[in-house]
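Engineer: Spelled out, the chains give:
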Amino acid sequence: MTLRFPYESLPAVKGYRGRHILDLEKCTGCPVCSMVCPNQAIELVEYNGKKYPQIHLGKCCFCALCAEYCPRDALHMTQEAIITIMDTKEAVYTPERLSQAPPDSMADETRQPPR
Amino acid sequence: MTTSNLEEREISFMVIPFGPQHPASGHFHAKVKCNGEEVLDLVAYPGYLHRGLEKLMEYRTHVQNAMLAERICILDPFSNDLAYVNVTEMAAGIEAPPRAKFIRSIMAELGRILSHVTWIGVISSALGLESGTRISWGDREKIIRIQEMVTGGRIYPCYYVPGGVRRDLSQEHIDEIYKVLDYIEKALKLYDDLVFYNTTFMARMENVGTLSKEDAIALGATGPNLRASGVATDVRIDEPYDAYPYVNVEVVTKEKGDSYARALCRRGEIIASISIIRQLLEKIPAGEFRVKWPMTKKLPAGETYFCCEAARGELCFHMVSDGSDKPYRVKIRGPSFSHTLSIFPHLVRGAQLADVPAIYWSLDPCPADMDR
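Chains A and B are the protein sequences, given in the same order. Under our numbering, think of the first position of the first sequence as 73, with each following residue one higher. Under our numbering, think of the first position of the second sequence as 1042, with each following residue one higher.
Only chain A is shown next, with the shape it has when bound in the complex (with noise of 0.2 Å):
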């Protein structure tokens, strides 16, 4: 029952509600996801010539209504749960930085555990 964890993790769940993921491609820049947020934590910012979503994850509670409501499929969410900031400025996920996709899963097997 007892993992040692970060060299070993629990296999991630389909449908997991992580930290969000942008397509870069199908988003328009209609304002639905930022009108829905409970927590007014979405907000469309200029970035390559179109407006995008900027999330800040601080404010976020991770209940998916964005993911949801979007007309064109957009932003999904991943399963990466695991988020560590120094300061709070790094809690803002900029549009770039959110269509990246997050590592594959949450354990490090290139550590070795010590002896």
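It should be emphasised that the hints constitute simulated quantities derived from the structure, not laboratory data. No residue lacks a Cβ here, since even glycine has one placed at the ideal position from N, Cα and C. A couple of the hints might just be wrong.
Within a straight-line C-alpha distance of at most 30 Å, the following computed BS3-like cross-link-like pairs (lysine-lysine) qualify [to be verified]:
#1 B:1230 x B:1297
#2 A:86 x B:1324
#3 B:1254 x B:1297
#4 B:1333 x A:131
#5 B:1220 x B:1230
#6 A:98 x B:1333
#7 B:1367 x A:123
#8 B:1339 x A:131
#9 B:1220 x B:1324
#10 A:123 x B:1338
#11 B:1367 x A:131
#12 B:1096 x A:161
#13 B:1227 x A:86
#14 B:1333 x B:1372
#15 A:86 x B:1220
In silico contact screen, one side only, chain B against chain A (beta carbon under 8 Å); selected entries [unchecked claim]:
#16 1101
#17 1105
#18 1179
#19 1190
#20 1193
#21 1194
#22 1199
#23 1336
Fit chain B to the given chain A structure using the hints.
Structural biologist: Same frame as chain A, but now just chain B:
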């Protein structure tokens, strides 16, 4: 010069904090006035978890509030959301489809089992039996894994919305639920040996904090605390909601009203919940699981009241709507309000100082739904 004659020495008392910095107290502060080992009085100071949820709900629409409502008491994750969603549907005059009602009741009963297994861990820790905590919270992980698979969130499910539920329950989920129910039945035998029929546990809980039937009704006890004093009342039978009219709910009552009777009541409720989930899983109908409910739906003006049976007692919502898409006023009645502020000081007067944690946790309070 002091005399050594006990009757002539004046009685002096000291005030000890049963405070938030205490291994057995939780998010709660109380000042205990005691004379030696005997408790004379207790004054409770709630408010450590006041977040202003009732006011926050006035600025959000009903679908957004359903994401906020479960944060009232997260140890019992589905009951708060169930009460909010039902009161909203009652006000709008719309009913959820039958499959959604069955799924809601199945997950609510799983949440009740989760809350009682968490309670076994917490009361073991308060009385000093740490193995009870570690083993029962390891078993709690199996139920949380089911929540993760079905709803997408381990502790905050965000699963119920007005109009139904957000995701469907697949056959794979149902197989996993059956496996977990078998596991909990086997684990109950271990909890019997370790906690419920442990001689030290029985010695610390029997005849301690006895609540009579008249006092329980007068001071506002609900849930297992009321049923352990001999009153057979349960909202799931008196005013059934969701899928409870279709199943046979067994009500567990005990006669004595002491802390040990309350503990055995909760153990009986775990067994009753397992049987309710099995009955619901056999009868679950096929069909749609969500009715269309627009984001800014306006509700007609008026007042609505709804009561549900949470793991700790009766959790009720009183909603006033003024015709717009946001509620005008929401009043939440948490079950722990009367347990901690009226019943706990009443039971503790005259008891020994070492009984205070045992009485406190046998009432199973949740400071979050006392303060909101």
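Engineer: All the hints need checking, so say for each whether the structure fits it.
Structural biologist: Hint check:
For the proposed pair residue 1230 of chain B and residue 1297 of chain B, the alpha carbon gap of about 24 Å is at most 30 Å, so the pair holds. Taking the CA atoms of residue 86 of chain A and residue 1324 of chain B, the gap is near 27 Å; set against the 30 Å cutoff, the hint holds. With a C-alpha separation of about 9 Å, the suggested pair residue 1254 of chain B and residue 1297 of chain B falls inside the 30 Å cut-off, and the hint holds. In summary, the hint linking residue 1333 of chain B to residue 131 of chain A is supported, as the alpha carbons are separated by about 28 Å, within the 30 Å threshold.
Among the hinted pairs, residue 1220 of chain B with residue 1230 of chain B is consistent with the structure: their alpha-carbon atoms are about 17 Å apart, no more than 30 Å. For the hint pairing residue 98 of chain A with residue 1333 of chain B, the CA-to-CA distance comes to about 25 Å; that is within 30 Å, so the pair holds. For the suggested pair residue 1367 of chain B and residue 123 of chain A, the alpha carbons sit about 29 Å apart, so the restraint of at most 30 Å is met. In summary, the hint linking residue 1339 of chain B to residue 131 of chain A is supported, as the alpha carbons are separated by about 27 Å, within the 30 Å threshold.
Between residue 1220 of chain B and residue 1324 of chain B the CA atoms are separated by roughly 18 Å; this keeps the pair inside 30 Å, and the hint holds. About 28 Å separates the Cα atoms of residue 123 of chain A and residue 1338 of chain B, which keeps this hinted pair within 30 Å; it holds. About 21 Å separates the Cα atoms of residue 1367 of chain B and residue 131 of chain A, which keeps this hinted pair within 30 Å; it holds. In summary, the hint linking residue 1096 of chain B to residue 161 of chain A is supported, as the alpha carbons are separated by about 28 Å, within the 30 Å threshold.
For the hint linking residue 1227 of chain B to residue 86 of chain A, the alpha-carbon distance of about 29 Å falls within 30 Å, and the restraint holds. Only pairs whose Cα atoms come within 30 Å are accepted, and residue 1333 of chain B paired with residue 1372 of chain B is accepted, the gap being roughly 26 Å. Proposed proximity of residue 86 of chain A and residue 1220 of chain B is supported: the alpha carbons are some 19 Å apart, at most 30 Å. Nearest Cβ of chain A to the Cβ of residue 1101 of chain B: about 6 Å, under the 8 Å cut. The hint holds.
A distance limit of 8 Å between C-beta atoms decides the matter here; for residue 1105 of chain B the minimum to chain A is near 4 Å, and the interface restraint holds. The restraint placing residue 1179 of chain B at the interface with chain A holds, with a minimum CB-CB distance near 5 Å, inside the 8 Å limit. Against a cut-off of 8 Å between C-beta atoms, the interface hint on residue 1190 of chain B holds, since the closest Cβ of chain A lies about 5 Å away. Because the smallest distance between the Cβ of residue 1193 of chain B and any Cβ of chain A comes to about 4 Å, under 8 Å, the interface hint for this residue holds.
Of the supplied interface hints, the one on residue 1194 of chain B holds, with its beta-carbon coming within about 5 Å of a beta-carbon of chain A, less than 8 Å. Nearest Cβ of chain A to the Cβ of residue 1199 of chain B: about 4 Å, under the 8 Å cut. The hint holds. Among the interface hints, the one on residue 1336 of chain B holds; its C-beta lies about 6 Å from the nearest C-beta in chain A, closer than the 8 Å criterion.
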